[in-house]
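**Q** First to last, the sequence lines map onto chains Y and W. If you use the numbering used here, the first sequence corresponds to residues 1 to 341, in order. If you use the numbering used here, the second sequence corresponds to residues 1 to 341, in order.
Treat the hints with care, since some could be wrong.
[To be verified] Computed from the model, here is a short list of chain Y residues facing chain W with C-beta under 7 Å:
1) V31
2) S73
3) A79
4) L81
5) I151
[Claimed, not checked] Computed from the model, here is a short list of chain W residues facing chain Y with C-beta under 8 Å:
6) L72
7) D94
8) A105
9) P114
10) R118
11) S220
12) P222
13) P225
14) A229
15) L238
16) S239
It should be emphasised that the hints constitute simulated quantities derived from the structure, not laboratory data. All values derive from a computational prediction rather than experimental measurement. We treat Cβ as the ideally placed atom computed from N, Cα and C, and that holds for glycine.
2 protein chains.
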Amino acid sequence: MPEPVNLADVARLAKVSPATASRALSDHPHVAEATRARVWEAARALEYVVSPDASGLARGTTGRIAVVVPHLSRWWFGAALEGLSDVVREAGRDVLLYHLGDAAARRAFFAELPARRRADAVVLLGFGVDDAERARLERIGVGIVSAGTRIGNHPSVSIDEYVAGRQAVDHLLHLGHRRIGMIVTTDPELDPGQPEGRAAAYRTALADAGVAHDPALTVSVPWSPEGGARAMGELLGLSDPPTAVYAHTDEVALGAVGTLRRAGLAVPGDVSVIGIDDHPLAALTDLSTVAQPAAEQGAVAARMALATLAGEPVEPVATLPTRLVIRGSTAPPARGVRGVS
Amino acid sequence: MPEPVNLADVARLAKVSPATASRALSDHPHVAEATRARVWEAARALEYVVSPDASGLARGTTGRIAVVVPHLSRWWFGAALEGLSDVVREAGRDVLLYHLGDAAARRAFFAELPARRRADAVVLLGFGVDDAERARLERIGVGIVSAGTRIGNHPSVSIDEYVAGRQAVDHLLHLGHRRIGMIVTTDPELDPGQPEGRAAAYRTALADAGVAHDPALTVSVPWSPEGGARAMGELLGLSDPPTAVYAHTDEVALGAVGTLRRAGLAVPGDVSVIGIDDHPLAALTDLSTVAQPAAEQGAVAARMALATLAGEPVEPVATLPTRLVIRGSTAPPARGVRGVS
Numbered sequence: 001m002p003e004p005v006n007l008a009d010v011a012r013l014a015k016v017s018p019a020t021a022s023r024a025l026s027d028h029p030h031v032a033e034a035t036r037a038r039v040w041e042a043a044r045a046l047e048y049v050v051s052p053d054a055s056g057l058a059r060g061t062t063g064r065i066a067v068v069v070p071h072l073s074r075w076w077f078g079a080a081l082e083g084l085s086d087v088v089r090e091a092g093r094d095v096l097l098y099h100l101g102d103a104a105a106r107r108a109f110f111a112e113l114p115a116r117r118r119a120d121a122v123v124l125l126g127f128g129v130d131d132a133e134r135a136r137l138e139r140i141g142v143g144i145v146s147a148g149t150r151i152g153n154h155p156s157v158s159i160d161e162y163v164a165g166r167q168a169v170d171h172l173l174h175l176g177h178r179r180i181g182m183i184v185t186t187d188p189e190l191d192p193g194q195p196e197g198r199a200a201a202y203r204t205a206l207a208d209a210g211v212a213h214d215p216a217l218t219v220s221v222p223w224s225p226e227g228g229a230r231a232m233g234e235l236l237g238l239s240d241p242p243t244a245v246y247a248h249t250d251e252v253a254l255g256a257v258g259t260l261r262r263a264g265l266a267v268p269g270d271v272s273v274i275g276i277d278d279h280p281l282a283a284l285t286d287l288s289t290v291a292q293p294a295a296e297q298g299a300v301a302a303r304m305a306l307a308t309l310a311g312e313p314v315e316p317v318a319t320l321p322t323r324l325v326i327r328g329s330t331a332p333p334a335r336g337v338r339g340v341s
Numbered sequence: 001m002p003e004p005v006n007l008a009d010v011a012r013l014a015k016v017s018p019a020t021a022s023r024a025l026s027d028h029p030h031v032a033e034a035t036r037a038r039v040w041e042a043a044r045a046l047e048y049v050v051s052p053d054a055s056g057l058a059r060g061t062t063g064r065i066a067v068v069v070p071h072l073s074r075w076w077f078g079a080a081l082e083g084l085s086d087v088v089r090e091a092g093r094d095v096l097l098y099h100l101g102d103a104a105a106r107r108a109f110f111a112e113l114p115a116r117r118r119a120d121a122v123v124l125l126g127f128g129v130d131d132a133e134r135a136r137l138e139r140i141g142v143g144i145v146s147a148g149t150r151i152g153n154h155p156s157v158s159i160d161e162y163v164a165g166r167q168a169v170d171h172l173l174h175l176g177h178r179r180i181g182m183i184v185t186t187d188p189e190l191d192p193g194q195p196e197g198r199a200a201a202y203r204t205a206l207a208d209a210g211v212a213h214d215p216a217l218t219v220s221v222p223w224s225p226e227g228g229a230r231a232m233g234e235l236l237g238l239s240d241p242p243t244a245v246y247a248h249t250d251e252v253a254l255g256a257v258g259t260l261r262r263a264g265l266a267v268p269g270d271v272s273v274i275g276i277d278d279h280p281l282a283a284l285t286d287l288s289t290v291a292q293p294a295a296e297q298g299a300v301a302a303r304m305a306l307a308t309l310a311g312e313p314v315e316p317v318a319t320l321p322t323r324l325v326i327r328g329s330t331a332p333p334a335r336g337v338r339g340v341s
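Pulled out of the complex, with its shape left as it was, chain Y reads as follows:
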């Protein structure tokens, strides 16, 4: 491994003292222009890099944006992180990644606040916090931005969860379904602030259509495709099972489709299924869904964080549009409308 080039090497090549080399590289005012040029040329020739930590400390900044995520192997989080990291890189800053995948990691993070003094801003991706955690987070003393959740009054970007839910449930109602199941996904330990919009949309869409609410048609499961498979099994076990199912995410909807296939039921012939996300596999599995822009949410959060750093005004809440994508997993109920109670 080659020895890293140090300031003394640069000074030697430029034929100046290390102190002069240091002043020239930090754009100190009292350095002759010819000397400054010679030192920079030597630095370039040797590929010398001014230590970013040292120069950042002098400026009082770290050059880093801290990102907190509860998951990395789920589509939304990976896509949002991609969108964020590209914007941060283009702005010449680095991403400091904090993956808090379980309760222990989460507790340790909020107790120790490792991001403190290591980043110029903190961005939470799909990471809800309670009031105590928010208060701890604010002790980091830098700007806080979130995507997918609201953190107090800090700037945030998300979709309108209620509108997305209405797009999905209204589609099923327009097709003529009246017996509609809902698979709610929960992640209580990781997302205490999980928005209620997707479930509220189901209740009001049914009410607006004059369909009585049957609590047996709502099943809550921890997030996972396996959770979706299990929830669909519960719904099929009802004496009057649904003709259509609205799942809160595509990955869970795909789990439900798996159960229907294994049960020998046709999608959408016997049961229609719709999700939310437009996961890359939704197109391939012909799943109807409500598309949300995940990478764009990460990118907007990054731009909000950079604007905060630059002292520029930041709109407190950005809402990105969602879009109903009708594919082959939804159709009118085969046996016509079945009565509910």
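Since the structure of chain Y is already known, use the hints to place chain W on it.
**A** Frame of chain Y; chain W shown alone:
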């Protein structure tokens, strides 16, 4: 936003000079035990955090591991990054994330080497480099570790790509298939060092079984589920289409299954399909596959990087086992063995 606590606040509360407070917090030897205790107590009371950059610079370390990834929204990369980041966090260090998603980002990274002086080690996740890029990378002057690819003689962890490929193709041969298609996935811009093992396994498995190689049965597509869908379309267009298909990854295999379904063909009744990975959706879609431990590869790479830092011996190449997972997408050919030329 609260004002961050500084050293002067700690010194004031502990009733010592800032210089003494600094010495006490950096465990300087010439500080009386009672003074040291009083300063630490004040620091704790004020939740003062010693600037990690400043203390790291004094030690000549940054406390950070740089991670380079070509993708974040594909399963393997997200899972490997989860495994890595948990190990790094437990070791009290931070992850600096470099997502290089296109040729421009890649060129800029190797030209500027932003990770230089910002990290104590560099880990590449599923990121192949050519010789010129490797030489540039080595200029960062810290340990280099990789997962999923080999980078010169630097420590690396991966599965045995050839063995994984043999597990998949031998399974199809054992079922009686002789006309077996292969969907090769390429990512030339991002992975010039992509291992050849998965394709080599196909050729030798067929040769070992006495099956003549038909180049028409190999289709190469850029990685994506859509690529898999397109490749399957090409294979179906052959005058003598395959009875089984081996795809290099599950996401691509699921694309192929989508095309078969849309063409009205049964899986595995008409065509068997197998992938590699054991993506979370493989279980739900009943896809036969060869399982590889993605999170574990990230975790092993992290432990290798930490061992390098600690000056401990590191085994140069770790190979993690893969496992054939037989599900409902593979079965014996329905119409018996069909001849090949």
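**Q** Please go over all the hints and tell whether each is borne out by the structure.
**A** Do the hints match the structure? See the list:
At about 22 Å, the closest approach between the beta carbon of V31 of chain Y and any beta carbon in chain W exceeds 7 Å, and the interface hint on this residue is violated. For S73 of chain Y, the suggested interface contact is upheld, since its CB lies about 4 Å from the closest CB of chain W, less than 7 Å. At about 4 Å, the closest approach between the beta carbon of A79 of chain Y and any beta carbon in chain W falls short of 7 Å, and the interface hint on this residue holds. For L81 of chain Y, the interface hint holds, since its Cβ comes within 7 Å of a Cβ in chain W; the closest pair sits about 5 Å apart.
Taken as an interface hint, I151 of chain Y does not check out: its beta carbon lies about 13 Å from the nearest beta carbon of chain W, beyond 7 Å. Look at L72 of chain W: its Cβ gets to within about 4 Å of chain Y, closer than 8 Å, so that hint holds up. A least Cβ separation of about 5 Å between D94 of chain W and chain Y falls short of the 8 Å threshold, and the interface hint therefore holds. Nearest Cβ of chain Y to the Cβ of A105 of chain W: about 7 Å, under the 8 Å cut. The hint holds.
A cut of 8 Å between beta carbons decides the hint on P114 of chain W: the least distance to chain Y is about 7 Å, and the hint holds. Given the 8 Å rule on beta carbons, the hint for R118 of chain W holds: about 6 Å separates it from the nearest Cβ of chain Y. Taken as an interface hint, S220 of chain W does not check out: its beta carbon lies about 19 Å from the nearest beta carbon of chain Y, beyond 8 Å. Given hint, P222 of chain W at the interface with chain Y, is violated; its Cβ is 14 Å from that chain's nearest Cβ, farther than 8 Å.
Here the hint on P225 of chain W is kept, as its CB sits about 5 Å from the closest CB of chain Y, short of 8 Å. For A229 of chain W, the interface hint holds, since its Cβ comes within 8 Å of a Cβ in chain Y; the closest pair sits about 6 Å apart. The closest approach between the C-beta of L238 of chain W and any C-beta of chain Y is roughly 22 Å, which is over the 8 Å cut-off, so the hint fails. Interface hint status for S239 of chain W: violated, as the beta-carbon distance to the closest one in chain Y is roughly 26 Å, over 8 Å.
The earlier numbered hints that this structure contradicts are 1, 5, 11, 12, 15, 16.
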